[in-house]
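Assemble chain Y onto chain P, guided by the hints.
Residue numbers (my numbering), protein chains in the order written: chain P, -4 to 302; chain Y, 3 to 447.
I should point out that these hints are in silico values taken from the structure, not numbers from a laboratory. Don't be surprised by glycine CBs; every beta carbon is placed ideally from N, CA and C. Watch out, some of these pointers could steer you wrong.
As the list claims (entries may be wrong) - Derived list of chain P stretches under chain Y, where covered just means 3 residues or more per stretch with a C-beta under 8 angstroms from a C-beta of chain Y:
(1) -1 to 11
(2) 97 to 106
(3) 243 to 254
Stated by the list, open to error - Derived DEER-like restraints, expressed as beta-carbon distance ranges:
(4) V116/Y / Q109/P: 52 to 62 angstroms
(5) L251/Y / E65/P: 12 to 22 angstroms
(6) I311/Y / A209/P: 51 to 61 angstroms
(7) R439/Y / D125/P: 53 to 63 angstroms
(8) G171/Y / D252/P: 56 to 66 angstroms
Stated by the list, open to error - Computed footprint of chain P on chain Y; a stretch qualifies when at least three of its residues, placed anywhere within it, have a C-beta under 8 angstroms from a C-beta of chain P:
(9) 42 to 54
(10) 259 to 265
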Amino acid sequence: MTAVIEVEEVSYDYPAARALFGVSFTVEAGVVLALVGPNGAGKSTLMRCIAALDAPTEGRVRVAGLDVAEDPRGVHRVIGYLPDFFGLYEELTVRRALTYAARSRGVAPAATAQAVARAAGRVDLTDRLDQRAGELSRGLRQRLAIAQTIVHDPKVLILDEPAAGLDPAARRSLSQLILALAAEGMTIMVSSHILAELEDYSTSMLMIQDGRVAGGGVVAAGGGTRDGTRVAVVFAETPADLDGRLAALDVTIERRDGETVVLACDGEDDALLARLIGAGLKVKSFSPARRTLEDAYLSEVRPGARS
Amino acid sequence: MNPEFQRNLWLEAAPRRAAWAILTLGLIYLAVGMLAHGDTDRMISALGTAGGAVFFLCALVWGSRAAGQSVLTEIAERTWDFQRLSALSPWAMTWGKLAGATSLAWICGLTGLVFVGLRALTQDGDPWAMLFLPAAALFFQTLSLSLALIGVRKARAEGRAARAGGVLGGLALAIVLLLGVASSSGFQRGAGLGGLGALIGARGEVLWWGQAYAAGPFRALATLAFAAWALICAWRLMRLELQMRNTPLIWPLFLVFVATFMGGFAFLQGGWALSLVTGALAVALCAYAAAFSEPADRVRLRQFAAAAIRLDLVRAGPLTPATLAPTLLAAVLVAASFAAGGDNLFGRAPQAAALIAFLLRDLGIIALFRFGPRPQRGDFGAIVALAVLYAVGGSLGAAFAQGLGAALFAPLPNAPWTSFASGLGQALIAWALAIRRIGAPEKTG
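Next up, chain P with everything else stripped away, as it sits in the complex (with noise of 0.2 angstroms):
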């Protein structure tokens, strides 16, 4: 895999305070990179320094193998980005504001039409390139920005905090817009505080606290993978004696998720499915638990807390 985003030893100071000390790490191709950190860690400092829109105090960030420093404007080209506050040209037209955003980033004058009608089709507003942008929802704004940011086909695109103020059926929108400019071979990167919003489509996970890389780098996120041996399980009718009775079975019970338990064991599902239905326990439901982002973050952040 080629390497897409190469950041190394990046800091980053403000009049006041340094927001990033010494950052590295590398994206490869088609990955889709959930930045997950606190409020302030600097994930969005990052991201304005990875579009070349601030520089680095110290370090070096390469796009698609454009440095940033020696050539902004060639890195603007491959990169669409967009920030956690954006604004839109309430006055124009849907399909003035795409054809302005594709022409002012090189779309020829002949690839200008298509290029804004399948930015239209990818975001759903192929029916409102009349409408003014100052008309949207806020749901339907947000995808306008996008198709924006996506209008030349960028071979990298920065999202940060794309799903906030949005609505359930709006995120899952842009849950499976991501997931298809992903499939069509784009990197791409997602900051948010909230872990729940990125775990539908990352593939990896960065860290970033208090200015720093935490955890191991980039890493694989959750993404429905098997979490160790865990499995999860739901109890018909849950016994008071529960834990003195799994114990018994040299059982661990790892966490409870509202009436779902997760249980640890060493051995083979179906072999411990046998044991806990010949102790007498109803089991409702069994599964083999799946690895969600946040449970990579907290084992990244407090190692030993799930692992």
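Okay, now just chain Y, sitting in the frame of chain P:
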């Protein structure tokens, strides 16, 4: 078509909007024409006056505001990053904004210029006004765009959003400074008794580098030259906004132009020595403007210092503080005026040397305040500190020791070498404090 120009045309000069503007102006011209009661000469004269007013209000006032707003609106509506991420060249972005945002203002203003031209051709008007007025409009529009870009850079470095009030205030300050320079004694002495009036009113002749020039064309061409420099300034500021680096050559070239332009007015009065002093004064004013225009960016200054110490000129060049070139050039011009016999020039050259010392002090004080813990209040703090030093310090000094005491706080002609020594001493203290503040490490929390 340039996409930025086209977008601005969509927003500013939509056919319906333009039609309404032309219709309104047409009604104004019709009303003015009817006041002449059929007298053609009176009608042309009245229309010329109305046209001049329309051009002033539309092309100069409205156009300048629109040019500045072309950037500030992007900041307010959070679309500026979207623009900075475009693939447009800095030049395309600059002229697209300048021509597009002011398009309707120009359309309206040019209707006025037609009547100004009609009067100039048929009556006793100045035909060079046809060049001077558009050049002045271009100058102020471009200056406004440049100030907006300066405001954006400063605001970003100070962690705040740029505001239109700051930019319009800056534009007003620039106009006051220009008028201040134009009305300075050196300027007027060089230009002769009617020099200032001749230049502004385009009457008679302007004496420049010992030659007499007709005031009308001189004014028009000088304004055009300054408009061209303002355009270059806007383009270079746009390059910085688009994360590109500027070579440190254009700014010194502009300073040489300013020194040459201003020095020319003093030549007939005092020869080379006075021309050099006048040039130094003009360049010193540019140093003050530069000190307030650059973002208070400690990181950038430290990077410059580190690169300069390593003699890495390629890296240090684009990071060079803008105050360095005018300070050095002003010092060189004063030294040159001594060589040209300026010490015999009624004490003007020694006074100019004292002025350089106070310039160094003032730049130190400006840096000290602007790199303080609250940089957003730095400009105001620096202005207050300078006012206190010059006014209160000067008054106290004069109260204790008449002229000599006052000379400790200002570059005065009665004791120029006292002023020189005092200015240098104060400059050392101010810069020692400023450098300590600039070098302080960032908080790590």
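Distance restraint evaluation - R439/Y, D125/P, Cβ atoms, bounds 53 to 63 angstroms: Check passed, 56 angstroms falls within 53 to 63 angstroms.
Outcome, coverage hint (the stretch 243 to 254 of chain P, chain Y; C-beta under 8 angstroms; three residues): violated (count 0)
Cβ separation of V116/Y and Q109/P, checked against the hinted range 52 to 62 angstroms: The hinted range 52 to 62 angstroms is violated for V116/Y and Q109/P, with Cβ atoms some 43 angstroms apart.
Cβ separation of G171/Y and D252/P, checked against the hinted range 56 to 66 angstroms: Given a distance of about 59 angstroms, which is inside 56 to 66 angstroms, the answer is holds.
8 angstroms C-beta test of the stretch 97 to 106 of chain P against chain Y, three or more residues: Holds, because 4 residues of the stretch 97 to 106 of chain P bring their Cβ atoms closer than 8 angstroms to Cβ atoms of chain Y.
Distance restraint evaluation - I311/Y, A209/P, Cβ atoms, bounds 51 to 61 angstroms: violated (35 angstroms)
Verdict on chain P covering the stretch 42 to 54 of chain Y, criterion of 3 CB contacts below 8 angstroms: The restraint on the stretch 42 to 54 of chain Y is violated, since only 0 of its residues have a Cβ under 8 angstroms from chain P and three are required.
Outcome, coverage hint (the stretch -1 to 11 of chain P, chain Y; C-beta under 8 angstroms; three residues): Satisfied; 4 residues make the cut.
Given coverage of the stretch 259 to 265 of chain Y by chain P, tested with a Cβ cutoff of 8 angstroms and a minimum of 3 residues: violated (count 0)
E65/P and L251/Y - C-beta distance against the hinted 12 to 22 angstroms: Given range 12 to 22 angstroms: holds, Cβ gap about 20 angstroms.
Of the numbered hints given earlier, the model fails hints 3, 4, 6, 9, 10; all others are met.
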